[in-house]
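Protein chains: 4
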Amino acid sequence: MAKESANARLEAFCDGVFAIAITLLVLEIKIPRIGSTTSASQFWHMIIHEWPAWFGFALSFVIILVAWVNHHDFFKLISKSRVTFTYANGLLLFSVAAIPFTTGVMSEFMMSDLAKPAITVYCFGVLFHCFSWFVFLRTAMHPVPILKDEATAELVNSTIVKYNRYALFFYLLLCLLSFWLPYVSLVIMTLSWLIWVVSAIKLNSKND
Amino acid sequence: MAKESANARLEAFCDGVFAIAITLLVLEIKIPRIGSTTSASQFWHMIIHEWPAWFGFALSFVIILVAWVNHHDFFKLISKSRVTFTYANGLLLFSVAAIPFTTGVMSEFMMSDLAKPAITVYCFGVLFHCFSWFVFLRTAMHPVPILKDEATAELVNSTIVKYNRYALFFYLLLCLLSFWLPYVSLVIMTLSWLIWVVSAIKLNSKND
Amino acid sequence: MAKESANARLEAFCDGVFAIAITLLVLEIKIPRIGSTTSASQFWHMIIHEWPAWFGFALSFVIILVAWVNHHDFFKLISKSRVTFTYANGLLLFSVAAIPFTTGVMSEFMMSDLAKPAITVYCFGVLFHCFSWFVFLRTAMHPVPILKDEATAELVNSTIVKYNRYALFFYLLLCLLSFWLPYVSLVIMTLSWLIWVVSAIKLNSKND
Amino acid sequence: MAKESANARLEAFCDGVFAIAITLLVLEIKIPRIGSTTSASQFWHMIIHEWPAWFGFALSFVIILVAWVNHHDFFKLISKSRVTFTYANGLLLFSVAAIPFTTGVMSEFMMSDLAKPAITVYCFGVLFHCFSWFVFLRTAMHPVPILKDEATAELVNSTIVKYNRYALFFYLLLCLLSFWLPYVSLVIMTLSWLIWVVSAIKLNSKND
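Protein chains in written order, with the numbering used here: chain U, 1 to 208; chain A, 1001 to 1208; chain G, 2001 to 2208; chain L, 3001 to 3208.
It is worth saying that the hints were derived from the structure and are not from the lab.
All figures in this text were calculated on a predicted structure; none of them were measured in a lab.
One should not assume that every hint holds.
Listed below are the simulated SDA-like cross-link pairs for lysine to any residue, each with C-alpha atoms no more than 20 Å apart in a straight line [what the hints assert, rightly or not]:
#1 U/Lys202 x L/Lys3080
#2 L/Lys3030 x G/Met2110
#3 A/Lys1202 x A/Ile1160
#4 L/Lys3116 x U/Ile47
#5 L/Lys3116 x U/Thr38
#6 U/Lys202 x L/Pro3032
#7 A/Lys1202 x A/Asn1007
#8 A/Lys1080 x A/Ser1192
#9 A/Lys1030 x A/Phe1055
#10 L/Lys3080 x L/Thr3152
#11 G/Lys2030 x L/Glu3028
#12 L/Lys3030 x L/Ser3041
#13 U/Lys148 x U/Ile160
#14 U/Lys202 x L/Ile3146
#15 G/Lys2116 x L/Met3046
#16 A/Lys1030 x G/Ile2029
#17 G/Lys2030 x A/Ile1160
#18 G/Lys2116 x L/Pro3032
#19 A/Lys1076 x U/Thr38
#20 A/Lys1030 x A/Trp1054
#21 A/Lys1116 x G/Lys2116
#22 A/Lys1030 x U/Ala53
#23 G/Lys2076 x G/Lys2148
Pulled out of the complex, with its shape left as it was, chain U reads as follows:
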């Protein structure tokens, strides 16, 4: 049974898709063309004017990095694979590949009159990603967990699976909120990634 190597290759393929998705929005940051500007102050204005594109790139980078870290940590817990799991993993990769688009739309319009619908698109992109984690976790746990042992399965059920449900509910609320108070949704959503990273670091320092 080449189950270990089977997952090794699944991980390698996922890493490829993650690596492409995480660098995708850098393509949206256009190098200014010669002739498009003549004075240094205009040049700096153009570079600084690109900041929403940089914000979008940095934000999608963080979101996909967090997704990669979680994906990578979860794969350390499983010991076999399953067809439903492989395809649910495909759905997860699809939602990861969609993050640069939804984040890019938001960063393009966030300083304009159309910030409201653009932020809604961004929030739904994150909600879809969170939903794909829900499907991914479900196929990993049902009908029989593909985890290493019983104890790991129970731990996953009482932590990751539970947190995913909270996150699903939380992001759904942010999606709805974005119809009325888009900037509040945007700030909470963006802070949620920073809090995630900081709390993961803090939790880990304790165990260190």
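Since chain U is already given, all that's left is putting chains A, G and L on it; use the hints.
Coordinates of chains A, G and L only, in the frame set by chain U:
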């Protein structure tokens, strides 16, 4: 003999090409530019108007994901390599890299007057991919199978090789049909991927 | 000494660059836009009109595939690494990343009045790639071969190193010839890749 | 504890991002379009006119290759991972993905009146990359080094960590200098990469 590691690197290279091809059509989904729209309803119209591009991306994603799963399952059965096999594998990767183009043409034109030729292009793209599997399987089985053992070789001959021939015949029929009834071809072709995924999941649940 | 794993990672990085370079020219094959054509015959004309782009993609695919196969075969022979070798390998990757550009220029202009200079660009691209192999092989053999053992080093010296010098001389001639008889250079150069693949397959079938 | 495989996957993911970043600027070298030129001399002029784009591509290639070699060498010294380290590694990848942009801006404007601000952008890009190495090294050494053993930790502290601080100071000076003497900064910065490669090769030849 470093045969195991030889295939490990062949797989890593293939995974890279698969990962790029599967994310390629996301580049076709353009982020709307600031100034191209002024009202929220127009913004939503632009986002929704992109649905054929999303359909094309999702469809090419599913086709290439199925190809990757099959490729990955087949590599678990083989134990050595061969120059003809390496180059046939290259042909398979070439046909995978062509899928985003043929699927993209179809999704661009499927709601227009030119749906008929565009669907024909899509069908021939799939037929070419199926033909490259035929060459790939042939070089793996001839003159001597590179599979793990005799039993595996017989199993592959009576299942994968046979199904590939049926698929070749089936997709050829859909290509011809697309000249008269393009939408029928499109629906059957697209359903065939969903049926493939669902039947693979069902088959696997039984064995679970 | 983690030498085995060191090369494993070097190979993984190279595979990434090879995988990107091999799929790069597919981005040059533009999906025709809705509205750019209204009749089916015009649509087919546009699709068929893209054949030089397809030819360029297929050709750069074959060139880079052959380079990958050679790279992969050579790495099976070496057992350690060296800083000069790592950087020479970088030069090789650079020349691989340049192949899509030089091949793309040629395929864009090969049916026009400017075929002559475009074919020269293509020939020099291949010459540069061949030269980077020369540097790569030199750093692998000097001052002390990094190959598995003495016998392998002698075999490499009497085959790969020698063939590389012949190839360097041969491609230099084709570069010079391209200034007078561009199409002859183009046909010989393109045939040389096919002959390479076919002869590799024939040689291998004998040993099988 | 699957710590070895954990880092294996972290390396694979990084290799994907490095491979994409290193080939990114090749997309900036546009294949001239048919019809944009009619005479051979004009064709050559267009090809040669692209030299700043080639210079930018080659330069970002060298910078990222050096970063990859250092990253790869450093990972051979560590034996475990840590959440802070994973995220600091993400910051490092972010700065690597930004190199093609800052280098591309510089190469686009370096022959124009706007060379000064463009070179400043390039210098700050390198400074940011150097700073991300500072953070990366700090998380690897604090609170407890994740290196293989005590001796390695001391060696890293007295070499890599120290050199990184010198580099940080050196690049900061070049950034400031670029406001007054941009071309001097550009030449010193660019030479610093060549000196780095040459000195690494020389150092290695001695130990060989």
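Now for the hints, and whether the structure bears them out:
1. As the CA atoms of lysine 202 of chain U and lysine 3080 of chain L are separated by approximately 18 Å, the hinted pair is consistent with the 20 Å bound.
2. Between lysine 3030 of chain L and methionine 2110 of chain G the alpha-carbon distance is near 17 Å, which keeps this suggested pair within the 20 Å criterion.
3. For the hint pairing lysine 1202 of chain A with isoleucine 1160 of chain A, the CA-to-CA distance comes to about 17 Å; that is within 20 Å, so the pair holds.
4. A C-alpha spacing of about 14 Å is found between lysine 3116 of chain L and isoleucine 47 of chain U, which places the hinted pair at or below 20 Å, so the restraint holds.
5. For the given pair, lysine 3116 of chain L sits about 12 Å from threonine 38 of chain U by alpha-carbon distance, which is consistent with the 20 Å threshold.
6. Proposed proximity of lysine 202 of chain U and proline 3032 of chain L is contradicted: the alpha carbons are some 53 Å apart, above 20 Å.
7. Taking the CA atoms of lysine 1202 of chain A and asparagine 1007 of chain A, the gap is about 30 Å. The hint is violated against a cut of 20 Å.
8. Pair hint lysine 1080 of chain A plus serine 1192 of chain A does not hold up; C-alpha atoms about 32 Å apart against a cutoff of 20 Å.
9. With a C-alpha separation of about 14 Å, the suggested pair lysine 1030 of chain A and phenylalanine 1055 of chain A falls inside the 20 Å cut-off, and the hint holds.
10. For the proposed pair lysine 3080 of chain L and threonine 3152 of chain L, the alpha carbon gap of about 13 Å is at most 20 Å, so the pair holds.
11. A C-alpha spacing of about 17 Å is found between lysine 2030 of chain G and glutamate 3028 of chain L, which places the hinted pair at or below 20 Å, so the restraint holds.
12. Restraint check: the Cα-Cα separation between lysine 3030 of chain L and serine 3041 of chain L comes to about 18 Å, which is no more than 20 Å; the hinted pair holds.
13. Simply put, lysine 148 of chain U and isoleucine 160 of chain U have alpha-carbon atoms about 15 Å apart, close enough for the 20 Å limit, and the pair holds.
14. Restraint check for lysine 202 of chain U and isoleucine 3146 of chain L: the C-alpha separation of about 17 Å stays at or below 20 Å, so the hint holds.
15. The hinted pair formed by lysine 2116 of chain G and methionine 3046 of chain L meets the criterion: a straight-line CA distance of about 15 Å does not exceed 20 Å.
16. For the hint linking lysine 1030 of chain A to isoleucine 2029 of chain G, the alpha-carbon distance of about 17 Å falls within 20 Å, and the restraint holds.
17. Under the criterion of a C-alpha separation no larger than 20 Å, the hint pairing lysine 2030 of chain G with isoleucine 1160 of chain A is inconsistent with the structure, at around 34 Å.
18. Straight-line distance between C-alpha atoms of lysine 2116 of chain G and proline 3032 of chain L comes to about 15 Å, which keeps the hinted pair within the 20 Å bound.
19. In summary, the hint linking lysine 1076 of chain A to threonine 38 of chain U is not supported, as the alpha carbons are separated by about 60 Å, beyond the 20 Å threshold.
20. For the proposed pair lysine 1030 of chain A and tryptophan 1054 of chain A, the alpha carbon gap of about 10 Å is at most 20 Å, so the pair holds.
21. For the hint linking lysine 1116 of chain A to lysine 2116 of chain G, the alpha-carbon distance of about 39 Å lies beyond 20 Å, and the restraint is violated.
22. Proximity of lysine 1030 of chain A to alanine 53 of chain U is assessed by CA-CA distance (about 14 Å); at most 20 Å being required, the pair is judged to hold.
23. Using a Cα cut-off of 20 Å, the hinted pair lysine 2076 of chain G and lysine 2148 of chain G holds, with the two alpha carbons roughly 9 Å apart.
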